Amino acid sequence: MDTLMALLTVITQPQLLLLVGVGTFAGVYVGAIPGLSVTMAVSILISFTFSWDVYPAISLMVGIYMGGVYGGSRTAILLNIPGAPCAIATAMDGYPMAQRGEAGQAIGVTTTMSFFGGLVGILVLAIAAPLVSDFALRFQPRDYMLLAVLGILLVGSLSPGSLLKGIFAGALGIAVGAVGRDPLTFTERFTFDFSLLDGGISFIAVMIGMFGVSEALLQLRHVATPTVRQKITRVVPSWKTVRKHLPLSLQSSTIGVVIGALPGTGGDIASLMAYDYAKRTTKKPEREFGDGAMEGLVAPETANNAAVGGAFIPMMTLGIPGDAVTAIMIGALFIHGLNPGPMLMVDQPEMFWFIVGALVTANCFMLLFGLTGIKLFTKIVEMPRSVLIPLIMLLSIVGAYAVNNSITDVYWMLGFGVFGYFLRHYGYPLGPVILGVILSRLLDDNWRRAIISEREDLWRFFDGVVSSPLSLTLMLGVILVFVSQTRLWSFAKSLLPRRKSPQEGD
Amino acid sequence: MKDNEPDSCTDSAVPANGINSARKPGELVFTAFLCIASVYLLWEAYGIAGFEALSSPGAVPMATTAAMAISSVILLVRAIRLPRARAGVIAESVVPGVFVVFVLLLLAFSVLLKPLGFVPTAALFLVVAIKILGRRSWGFTIVVSLASLLVIWLVFRVGFTVLMPPGIVPEAEFIQFLRNVFGGGRS
Amino acid sequence: MKKTVFGAVSALVLGISGATAQDFPSKEIQGIIQWGAGGSTDTVMRSVTPHAEEALGATIVMQNMTGGVGAIALNHVTSAKADGYTLLMGAENPLLYKVMGLGNKDYTDFIPLILLARGTPLLLANNDAPYDDYQGFIDYVKAHPGEVRIGATGPGGLSSVITAMMNEVEGDLDMIKVPYDGDGPALTAMQGGAVDVMPAVLGAAIEAVRAGNMKTLAVFDVEQNKNLPDTPIVTSFNEQYNTFLPWGSFFGVFAPKGTPDDVVAKLSDAFGTAAVNPEFLALMDDRGFKMMNISGDEAQAFLTKWQQGTTWLLHEAGLTKASPEEFGIARPGE
Chain G
1 MDTLMALLTV ITQPQLLLLV GVGTFAGVYV GAIPGLSVTM AVSILISFTF
51 SWDVYPAISL MVGIYMGGVY GGSRTAILLN IPGAPCAIAT AMDGYPMAQR
101 GEAGQAIGVT TTMSFFGGLV GILVLAIAAP LVSDFALRFQ PRDYMLLAVL
151 GILLVGSLSP GSLLKGIFAG ALGIAVGAVG RDPLTFTERF TFDFSLLDGG
201 ISFIAVMIGM FGVSEALLQL RHVATPTVRQ KITRVVPSWK TVRKHLPLSL
251 QSSTIGVVIG ALPGTGGDIA SLMAYDYAKR TTKKPEREFG DGAMEGLVAP
301 ETANNAAVGG AFIPMMTLGI PGDAVTAIMI GALFIHGLNP GPMLMVDQPE
351 MFWFIVGALV TANCFMLLFG LTGIKLFTKI VEMPRSVLIP LIMLLSIVGA
401 YAVNNSITDV YWMLGFGVFG YFLRHYGYPL GPVILGVILS RLLDDNWRRA
451 IISEREDLWR FFDGVVSSPL SLTLMLGVIL VFVSQTRLWS FAKSLLPRRK
501 SPQEGD
Chain H
1 MKDNEPDSCT DSAVPANGIN SARKPGELVF TAFLCIASVY LLWEAYGIAG
51 FEALSSPGAV PMATTAAMAI SSVILLVRAI RLPRARAGVI AESVVPGVFV
101 VFVLLLLAFS VLLKPLGFVP TAALFLVVAI KILGRRSWGF TIVVSLASLL
151 VIWLVFRVGF TVLMPPGIVP EAEFIQFLRN VFGGGRS
Chain E
1 MKKTVFGAVS ALVLGISGAT AQDFPSKEIQ GIIQWGAGGS TDTVMRSVTP
51 HAEEALGATI VMQNMTGGVG AIALNHVTSA KADGYTLLMG AENPLLYKVM
101 GLGNKDYTDF IPLILLARGT PLLLANNDAP YDDYQGFIDY VKAHPGEVRI
151 GATGPGGLSS VITAMMNEVE GDLDMIKVPY DGDGPALTAM QGGAVDVMPA
201 VLGAAIEAVR AGNMKTLAVF DVEQNKNLPD TPIVTSFNEQ YNTFLPWGSF
251 FGVFAPKGTP DDVVAKLSDA FGTAAVNPEF LALMDDRGFK MMNISGDEAQ
301 AFLTKWQQGT TWLLHEAGLT KASPEEFGIA RPGE
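Residue numbers (our numbering), protein chains in the order written: chain G, 1 to 506; chain H, 1 to 187; chain E, 1 to 334.
The set of hints was computed from the structure by calculation and includes no laboratory data.
None of the values given here were measured: they were computed from a predicted structure.
Glycine is no exception: its CB is placed at the ideal position from the N, C-alpha and C atoms.
A few of these clues could be false.
[As the list claims (entries may be wrong)] Partial pick of chain G residues on the chain H-facing surface, computed with a CB cut under 8 angstroms:
1) A178
2) R221
3) W353
4) M383
5) S386
6) L443
7) R460
8) D463
9) G464
Using the sequences provided together with the hints, build the complete structure.
This is the structure:
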C-alpha cells in the first residue's frame, strides 16, 4: 500500500506533476539543441533547486532526463545533426525520411517507440532492479573490453560504401579518443608537447563538428534549392506499424536496459548497438537501411530510452551511477540530505517508488509533447537555408564551447567540421569516427586493466575468457559478428557441419 | 557521375557509396594526406611507450594508428589505379567559392572570439553570413541576425550560465544589473 | 521575457560603471570546479556555495571544468583577472602537479579563501577476500606475492599515496595495481571482484560499507572514526604510520594571487559563514568528512605541510617525475 502511494506521489500532487511536465518539455528542447546536454541541464538544476524539497527537485530532473534523451532525435531527423550522442544512429535513417518529406511520420514513429522503450526500461527497473544490478556488477574489465570490441565491429554496419574507408574512419576515431594525458598513467599521448592538448579532445566537440558544421558546409551548395515540403499528416503511427515492429522493439529495449545499467556505458552505445542489431536481424526491410528504413528508427530510439530506466538500476540499488546524468542525480540526492547507496532501497523505499512513478509520468509527457509540437519543429527545416546554415554554425560553436567552457574545444570542433566535409566528400563514413571516439576509452582502459590483472600474460587472459560464461558469450558474439562481416562468412557456411572457421585476430 | 556527385554526399548521413569507378578531383591528394598523417601518427604512437608492455598506454594507440596506416596505404594504391575523372576543376566541385568564404568566416570567428567577445563576434558573423547567402535587404538581415542571437544568448548565457568569453562587453555587470532591477538580486 | 529584453536594452544605454573593491561584489562570481559533475568535489562545492552566496549577497555561477587532472581549471583561474570574480574550487591534487610533471603551477599561485574539510582514507576489501583486518591482509600479501589486485587511481591519487605509505612502513608489498580513473569506478569494480582491495576516501565508500557490500580493513587515521566505530585504526597495527598520519584529501576554495586583501577577506568570511551552516555540517558529517574551516595563514601552513609530506613520500616511493627539491619543497621536518 505504501508502495502504491509512493508510486502515485507524482500524479496525486499537482505541483510535482507540473514540474515533471515542465522538465520533460524543457528536456525535449535541451536534447534537440546540439551542445546543450542533459548532463549540463541537470547539474545546473542542482544549484537551482538547492533550497527546494527533494521531491520537486527530483521531479524536474527526471523530466529533463527523459525528455532530453528523446529530444536528440528531433534535429537528427530534421537536420541530420544529432542533438545528443544517443541520437547518432537515428540520423542514419531519420534524415533520409525527412528528405522525402516524411519527417512527420519519422517523428511520430520515433516518439511512439521512445515511449515504448522508456516503458520497458522503467518496468525492468521496477521489477528486476536488484537482479540486473547483480548482473551488471559481474562485468569484469575483460568483459567491458569485449563489449567495446563488439561495438567497434559495428563499423561494418555504419559504412555503407567501402569497408576499408570505414575501418580507417573507426581507427581514426579511436586515435582521436586517445589524445591527451592518459587518465590511468598521465602519460602524454598525441599531444605533440602542446599543453592545450593535455585535456584531450572533447568527444561532443568532434560530434558537433563532424555532424553540425560539416553538414552546414555541404548544405552551402544547396542554398538556392527550395526546401522539401513536409507532410505532417499521419503523425501517429497506425497500430499495424507498431505491432509489426513489436518484436524488434522488445529486443532493442532489452539491449538498451542492459547497456544502460552497466556503469560506464550509456544510451549512445546502446542505440548504436541496437541499430546494428536491427540491421543484422531484419530480413526484408521495406526500404534499405540508410535509405529511410523504419527499423533503423525503431531500434536506436527504443534502446536509448530504455537505457534511462537501465541507468537508474545501479543508482537506486547500489548508489553507483549508470551514466553521467545519474551520477549528478546521486549528488543531488546527497545534497538534499539523503544517502544514496545500497541502503536507500532499505531505509527509504518510497524514494525508489517515487522515482519510478516520476519516470512513468515523464514518459507519458514525452509522448504527449512528442506528438503535438511537430508542426513547429518541421518549420525549422522549412526555414530558408540562408538563415538556417549560419544559425547551425553559430549553435555548433556555442555548443562546443559549452561542453567544457573551453575555447580549444571550439577550435577542434571547427577543425573537425572542415575535415569532416572532406571526409564525406571522398566517401568516408563519419559514423565510425564518432563510434571510435565513444568507444576509445572503454576499449583502451579495460584492455589494459584486463591484461594488468593477468600480469601481462596473454595466455592467462584467454584462460580467463574461456572459463567465465559471460566473457565466453561475449567472445562468441565478437567472433560471430566478425565472421559474418567478412568474406569468411560464406566460407564458414560451406564448412558449417564441422563449424570450423579460420580465425584471425583483429 | 559528375552531375550527381554533390548529391551523393548530402543526401544521407553517410555517403551512399564509397566505392567509385573514377577518381574524384583532389582524391589522390587527400588520400595521400591521410596516408602521411597516419604514418606520422603511428610513429608518434610508437614514441609513447614503444613495445614496452601489452598494457602500456601506447598499445592501443599503436594498434589503431597501424590500422589507419594500413588501410590508407591500400586506399592510396586503389586511388592511384583508378582512372582520373573527367577534367574536374578542384575549385568547382570540391571547394566551391562559397565554401572557402565560410571557412574563412569561421576562422575569423575563432580568432576574434576571445579578444572581441562572443556577442559582437556572433553578431558580425550572422549579419555577414546571412547577407552573403540570402542577398536580402540589410534590414531583414540585421533584424533576423540580432533576434536569433538574442534568443541564443538568453538560452545559453542566462538559462544555462555558459560563460562565453565576454571580451569587450561587460556581460557580468550587465546581468547583475538586471538581477538588481528584477527582484533585487539573489538575497 | 519581453520585460527582460527591454531592461537589457535600457541597461546598455545607461552604461555600466566599472567595479571597485569597495563595492565588491558588483557582478556575478565564477566558481570553477576542478572536477566533473557528480564527483565529491562537485557535490561539496555545490552544497556549500548557496550558503556562501547568501552571506555574500551575490550570485556565484559554478562551472565544471574537467581535464588534465584538474590542471586545465587551475590554469584557467590563474590566467583570469585577480579581482575575486573568478575562484577555483578544488581538491588536494594541484599540490602534486609540479613533482608529477603535470604543470608548473599549484596552490602557491593562489590564496586559500577557505579549506573546507578533509576526507579520511580507508582500506577496503572485497567481501570474499580471505582476510578480515589489516594485519591479515599484510600477512596474506606477503604469503602470496603478486596475487592480490589493488585498485589504483593514477599517480598522485589518494590510493597511490596510501599504497606508497604501506610500502614504506611494511616493506615492499608485491601487488598488482589495476588502474581506474577515480575511486568510484574502482570501488564498483571491487564489488564485482575485479579488484581485491582498494584504498579510498571514507565518503566514497561509507554507504556501501553500511550496507555490507564491502569490508573495511583499517582506517588510515590516528584516532577512531565515529562513523566506523568497529574498524580499527591503522596505527594500532603498526605505529610507524604515525609519521605520515593524519593525512587525507581535502577541499578548498582559492583565489588567484594578487586579489585585493579586502576582497579576499570578504570572500573568506562568506565561505567561513557557509561552512558552519548546520545543514551543510550535517551533510558533511553524514559523508564522513572532517570539517577544517581554516583560512589565512593557518590554511597556508596546512598546504605547505601537506605538500612537503606527500611529495617526499611519493618521491621516495619512486612515483614522481621530478624531485620536490627542484621546486624548493623542503623535506618534512626541515
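Now the hints, each set against the structure:
no. : hint : verdict
1   : A178 : holds, 5 angstroms
2   : R221 : holds, 5 angstroms
3   : W353 : violated, 31 angstroms
4   : M383 : violated, 10 angstroms
5   : S386 : holds, 3 angstroms
6   : L443 : holds, 6 angstroms
7   : R460 : violated, 11 angstroms
8   : D463 : violated, 15 angstroms
9   : G464 : violated, 14 angstroms
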